[in-house]
Amino acid sequence: MAVSGSVVTRSVNEDALLAARLKAGDPQAWERCYRLWYPRLLTYAYRRLGDREAAADVASDTFVRALREVGRYDPRRLSLAGWLFRMAHARTVDHLRRQARRRAVSLEAESHDPAEDTSERDVERGDLLRSLSRLTRDQQAVLLLRFYVGLSAEETGRVLGKPAGAVRALQFRALRQLRRLLGATEEGTSEEE
Amino acid sequence: MSKQGPQRDDIFTQLGKDAEKVGGLSAQELAELAKLASAISSLPDEQPSQEELERGRQRLMAALSHRPSLPWAYGLPVLRAAAVLAGAAVLGLLALGGAWAAGARLPQPVAVGPLAPLASERSEVARDNHGQDVSEIARSGGGPGHSEQVRQEALDNPGRSGPSANSGPGRPDDIARDRGSDNSGPGSASAGDDVELVGTVQQQGQGSLVVNGITVLLTATTQIEGTLTVGALVKVEGSHQSDGTIVAREIEVRVQPGGGVAPPTAPPTTPVAVEIELRGSVQATTSGGFVLAGRTIRVTGSTEVEGEVKVGARVKVEGSVQADGSVLAREVKVEGTGDDRRGPDGVPTPARGENDRRGRGRD
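Residue numbers (the numbering used here), protein chains in the order written: chain A, 1 to 193; chain B, 1 to 363.
Keep in mind that the hints were calculated from the coordinates and are not lab data. Mixed in with the good hints, there may be bad ones.
Derived DEER-like restraints, expressed as beta-carbon distance ranges [to be verified]:
id: 1; chain 1: A; residue 1: Ala166; chain 2: B; residue 2: Gly288; range: 27 to 33 angstroms
id: 2; chain 1: B; residue 1: Arg298; chain 2: A; residue 2: Thr136; range: 38 to 44 angstroms
id: 3; chain 1: A; residue 1: Arg72; chain 2: B; residue 2: Arg298; range: 33 to 39 angstroms
id: 4; chain 1: A; residue 1: Val93; chain 2: B; residue 2: Glu54; range: 40 to 46 angstroms
id: 5; chain 1: B; residue 1: Glu29; chain 2: A; residue 2: Val123; range: 23 to 29 angstroms
id: 6; chain 1: A; residue 1: Val64; chain 2: B; residue 2: Ser49; range: 17 to 23 angstroms
id: 7; chain 1: A; residue 1: Gln99; chain 2: B; residue 2: Glu29; range: 43 to 49 angstroms
id: 8; chain 1: A; residue 1: Val64; chain 2: B; residue 2: Gln28; range: 43 to 49 angstroms
id: 9; chain 1: A; residue 1: Ala184; chain 2: B; residue 2: Gln223; range: 52 to 58 angstroms
Bear in mind that the values here come from a model prediction, so they are computed numbers and not experimental data. For each residue, glycine too, the CB sits at the ideal point set by N, CA and C.
Only chain B is shown next, with the shape it has when bound in the complex (with noise of 0.2 angstroms):
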């Protein structure tokens, strides 16, 4: 293998950083300690024999064969499949029990069409509001497997596009909401809302999840309770955006996809950062940065910034995502301004934002 040890100008600059805090030391005896420093980073490893290895190697994937949850993750897909649904009905007896008790409308029976997703990729979203009032999200669009809530929330708001109109499975737009709350946008639940999630984890990518269709996002204060697989049942506590995501303040593993009650682990002590890639055209200007696709930008003076940030430029921003949701922009590219932005007949086209508010104006 190649040698990765560290280079000989970062020992150098590691050892006087050293020596600043230990002190004691002159800058020729510090030259003289990196120089053997550095010939002991340029020790050739060992290397191991062919057997060698191979026996190491042998002996790793028996014990990786007769770990427990192996098969779970990847032999035994149909057993796996069938603890998941298990594990989703209890919970689901479970959460309506809890439901009762906390004197909520108890969500109606969902039929479930030939096409419709599997009883575990059915998510509910409950608001954070003491259990006042629980919103479902039926993910199987405006086919059989609609609840009685969606179509009630459909009926209450007939202005508005239901997710059946338009919406597949696990889209945004199918997150119905709760009564009382604000109507910002067709079919959207309000960026910013507390939310919660329970469901299966089918994606676990970069400090984010897809768990049932919907992408949540883990940023540097997300508290994780248990280890986090694909296959696993969770509850993802957070605050919904208006792009669909959820940042996700706090994730429990209910359920390993072996079947298991999760773990506990470890608190941890030192954040994961997330970095985020944004695209999209500027909704509204701040005195610390701008707003993006519901999302709050913040730009500081290390921030660089190509062109002109103005309310409707098409921006790109890299950054990463902070505790309250908001984005410290590392980088922002205008990509275009948003004069260009004009519908066939040549009339410059709204952005969402003064559509939402011509909306609650009618309201």
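In isolation and in its complexed conformation, chain A is listed as follows (with noise of 0.2 angstroms):
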């Protein structure tokens, strides 16, 4: 027979793979996924509730939703990563409605005191985390989502409820409120010095 006719097969989805293996329950791929996502997860939660211990909770409340939604989770329709977060993003609302009011420690809070940056691109960063903490909560979600976790225009709509063209609208919205906060934040520092 000339034909040898043998088939090789693979998918151009990874996240199909990892999916059924998460389906099938193999710890060594939960165990991954966990690595993987957690830190994310835990840093957008922190910087959109700004309490490192609730911001734990999320992340960590996720991942045991995930393990019961997994078998209705199609890689087709969401990436694995606008999956968890839209997991991520409707604990972070419940926990934000559930706070009477916004905690004094904001989402300029980091791990340690910004006035002991030294660094010319730490004063930034805080500067930038400050001026974040002061977008509505949707353009802070919608600025996470699209540059920190590097969804899709559309991953992003699926997240948080809205058309694509909502959230193209809402970003540029949002960076503009960001320049705007950043620029009169810059002006202080010079009028300071």
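Take the two lone chains and join them into the complex the hints point to.
Here's what the structure looks like:
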């Protein structure tokens, strides 16, 4: 027979493969997923909540929830990151709603005191975080999901429950507002000097 | 962990596309906003303490260990096999009843030899022809696992080598063909025929499954009901390919490894592309491509072609499986011409298609 006909298939979607292992309850896959995404989920929740302990709860809850719902996860609809952050976002919103008012410790709070920052880069980062904390919740969420997590406008829309067009408009409004806030910060700094 | 956020160039490109859709941004403003977005993308991750990380991990693993389906996947292979056997037995009874109701010829009891596969690994292929003719695959080769029907097929086609001659378990040649179908090759079903396969998922690969030793390819339009996992009992409907694979049109998960009935899942909205790599000799050329291993290969303007594709040439094809089972070639590489394909006596060996045509001519 002239035709050897050997067939090798591979999926272009790595999420689908990982999802299959997660659905099968493969502990190594869950461990890998946890190691990969826990710090980012923690950071996202922390930037939104300004409370390290609450953020850790959100990140941890996200995985337990993911374990319960992985059977319904469809990688063709949403990336693994988008799926995880959609759950984390929902938990963050729940947490914010439960708060009577935003805590005094806001997004600008880092794990260390920004006043101790000495390098120019650290100062810029501190300014950026302070300015981010003054944006609306939606603006914060869209900027973090789009640029910190790296989701597309469509995926960010699915996480936030908004159309992609609204996400695009919101991101530009947020970036302009952030630019204004950072400009004000720079002016204040130069006046002090 | 390493930062995995988008790169600065990507952000600028993405924002540029978004700006085109939203409008009202000058190039200078776009550059300024992209710089801000880039600064956000390079924010450092919060580094969880080891204790914090371990606490969350233990919580996850505890939840994982209490997950009902976990023991079936990893912990209790004996119980899992028993559940699959029980599921197969129930389905077998149901199938038997269905076949009886449809007036089909009932398969004869199958004796299982000492080296024959487990009962759950036996598979049935029924052509989708309204129950008029039911074929069966006996995966145990020429041993006592042959069904009466397979033997009858061999008797009806004395010129063809039956599955007992040289086939191992699960080989495509084991597929018994129903009466009246095209006799296109020795012991093989006709490519493109609708087939139905009920069996256990033995392997789950990227874009493919192995069900009772038969490779099942998933395409962009494959409809999947339920959650596919290794050990699940599934029904596959699709078209049989000449290389022995089945391109699945629909897969229904009937029994999960845990023994429960599979819950329905939301219908997919975005297809998963399935990449495929084929090697073989060109059987025929067409206006839009060629035929390889019984599969139509489509060549477009964006296909990279190395060498001259002609009948008999040995080629490697990389591309994606389309809804109709054809392959849209991304790359075609000619690895040799058909001219050097000679037998021991120096006479060129005919391609399979030529053999097949000769066989049919004699018929």
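Are any of the numbered hints broken by this structure? If so, which, sorted upward? Violated hints: 1, 2, 4 and 7; rest satisfied.
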